[in-house]
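Asks: Here's the letter readout for the chains.
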Amino acid sequence: MDSNGNKYLATNFQSVFHTWYGKLHRYAHTLLKDPDEANDAVQAVFSRLWEKMEELKDQEDIGPYLYRSVHNHCLNHIRKEGNGKKYADWLARHEAGTTGDAGAKLAVAELSTRIGEALDALPPQCRLIFTLSREQGKKYAEIAETLSLSVKTVETQMSKALRILREKLADYIALGGAAYLYIDKLLS
Amino acid sequence: MSEQTHITVTDELLVRFLAGEAGPDEAMAVGLWLETPANAAAFEKLQQAWDTSGPGRPYTAPDVPAAWLQWRQARQAAKVRRIWPQWAAAALVLLAGSAWFLLRNDPAEIGKDFVVESGVTEKRHVLPDGSETILQPGAKVTYPAPEENGRFAELTGSATFHAKADPQHPFTVQAGPLTIRVVGTTFEVKQYTDSITVSVRDGAVMAIGQKDSLLLKAGMRTNYLLQEARFTTQHSLLPGGRPSKTVFEFNDTPLGEAVQKLSDAYGIPVLLDNPALADCRINTSFTDKPLDYVLTVITESLRLEYRKANDTVYIYGNACE
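Protein sequences, first through last, are from chains A and B. Counting in the working numbering, the first sequence runs from 1 upward without gaps. Counting in the working numbering, the second sequence runs from 1 upward without gaps.
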């Protein structure tokens, strides 16, 4: 960036938006687990950038600033709104299966079975760690404390779990996230 | 650029990223890593396994142009409430011609972006920074209020731009999904239903698509395919710049017809000052000659003269006997 960081930004705002939007949205999605909420978050971050442009230091790189803003914005959002509902919905979906039409029920049942089988293939500790993180939304640090493990171990086990799941669910995924999106739509 | 600590992207980091555990620096490293298509393809499988196996709605890539429009609309709505009196004076100084007219006619426009439309004829308009645009019929240019210090314009339809040189602050034109960044140059944008062409007369522009970008120098032209969101691999030279293969055979051809052919081939309007000149006849042929050469031969053989003004050639003189 040139020495006139703010002026550069004012002139190139649209280009900055186009360069970073997709990447920031991907990051926001990992925090919020919802593409629409991720969009709202990134929109808000750019509005704030527009308003606070003058406060940016001239030499400041825009990328790290934007990533920090998305991080803070999403964590605030979670603190206020909570992510709990998403996890509750997931459990309800897998336990009930009583709503929706027959096709949807069948699809949900099929998916549940497949995921169940894939999870059963994991070693016990690996499986426990993965479900705590993925299904209950526990942070790595919380899991490590609950199970008296190091965060590093949690990290390794998580990576191992996902590697196995990727293999076990490969053919299902190959059918397309489309099938999953379809189910998601039927249930929303 | 700041000295960032180098972050290696490992499987563990990717899973931590998916789990929402990555910090901003790590997320940025992942974002950078994903720019490589092979990495993105590998990551997609991991992401799908992750999305399938637990709560939340699966990842879908955002529509960035739509997001930009949404953002702009939200900003305009916020801005109307904010401004008006203090910069009405500034606008008076900075704006000339039709923009001022527009401002006077419609006070509701104040605080919003400026919009200039060409109507049924082409229209020339001076932007706040002194850059000029010639809008083709039915074209529209939208640009921010001068107080925003921006040098960018959004184009609907087709237009020629003559951007004022200012290397520190590149001029940017947004044409649909295509971003064209300019450093003092003359170029033309034509928008069709399925593609956009950008032709550069002088200087250089950077055309930025959704997936890739392209540097175009004087005399070059490119075609951007909207559906596929990519540039055609062929970047033809403009006939006006360095004609690749321009052949003319004139046998007792009326001058009116000949200038039409020249206009089409070189991409520059060639006009007859005196309509009676259209009936003059010419007999000559040209192969791969610059426009100036062709014009000189034609005008001298008919005892006429030509001059160039504003990227238009005018041929003048007395009617032929």
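For the record, the hints were derived by calculation from the structure and aren't laboratory data. Careful: at least some of the hints might be erroneous.
What the hints assert, rightly or not - In silico DSS-like cross-links for lysine-lysine, where the CA-CA straight-line distance does not exceed 27 Å: (1) B:K45 - A:K86; (2) B:K261 - B:K190; (3) B:K164 - B:K140; (4) A:K168 - A:K152; (5) B:K308 - B:K289; (6) A:K80 - A:K52; (7) B:K45 - B:K140; (8) A:K80 - A:K160; (9) B:K45 - A:K139; (10) A:K52 - A:K86; (11) B:K45 - A:K160; (12) B:K211 - B:K140; (13) A:K86 - A:K139; (14) B:K190 - B:K45; (15) B:K217 - A:K168; (16) B:K211 - A:K152; (17) B:K140 - A:K138; (18) B:K217 - B:K190.
Asks: All hints, please: hold or fail.
Replies: Against the structure, the hints:
A C-alpha spacing of about 22 Å is found between K45 (chain B) and K86 (chain A), which places the hinted pair at or below 27 Å, so the restraint holds. For the given pair, K261 (chain B) sits about 20 Å from K190 (chain B) by alpha-carbon distance, which is consistent with the 27 Å threshold. The suggested pairing of K164 (chain B) with K140 (chain B) holds, with an alpha-carbon distance near 20 Å, which does not exceed 27 Å. Restraint check for K168 (chain A) and K152 (chain A): the C-alpha separation of about 25 Å stays at or below 27 Å, so the hint holds.
A hinted pair counts as satisfied when its Cα atoms are at most 27 Å apart, and K308 (chain B) with K289 (chain B) qualifies at roughly 18 Å. As the CA atoms of K80 (chain A) and K52 (chain A) are separated by approximately 23 Å, the hinted pair is consistent with the 27 Å bound. For the proposed pair K45 (chain B) and K140 (chain B), the alpha carbon gap of about 43 Å is over 27 Å, so the pair is violated. Distance hint between K80 (chain A) and K160 (chain A) is unfulfilled; the C-alpha atoms sit about 33 Å from each other, more than 27 Å.
Note on K45 (chain B) and K139 (chain A): the hinted pairing holds, with a Cα-Cα distance of about 23 Å set against a maximum of 27 Å. Annotation: proposed proximity of K52 (chain A) to K86 (chain A) is violated, straight-line Cα distance about 33 Å (limit 27 Å). Between K45 (chain B) and K160 (chain A), the direct Cα distance comes to roughly 15 Å. Compliance with the 27 Å bound is thereby established for this hinted pair. At most 27 Å may separate the alpha-carbon atoms for a hinted pair to count; K211 (chain B) and K140 (chain B) meet this at roughly 26 Å.
Using a Cα cut-off of 27 Å, the hinted pair K86 (chain A) and K139 (chain A) holds, with the two alpha carbons roughly 15 Å apart. Restraint check for K190 (chain B) and K45 (chain B): the C-alpha separation of about 40 Å exceeds 27 Å, so the hint is violated. Among the hinted pairs, K217 (chain B) with K168 (chain A) is inconsistent with the structure: their alpha-carbon atoms are about 52 Å apart, more than 27 Å. With a CA separation close to 37 Å, the supplied pair K211 (chain B) and K152 (chain A) exceeds the 27 Å bound.
The hinted pair formed by K140 (chain B) and K138 (chain A) fails the criterion: a straight-line CA distance of about 52 Å is larger than 27 Å. Proximity of K217 (chain B) to K190 (chain B) is assessed by CA-CA distance (about 17 Å); at most 27 Å being required, the pair is judged to hold.
The earlier numbered hints that this structure contradicts are 7, 8, 10, 14, 15, 16, 17.
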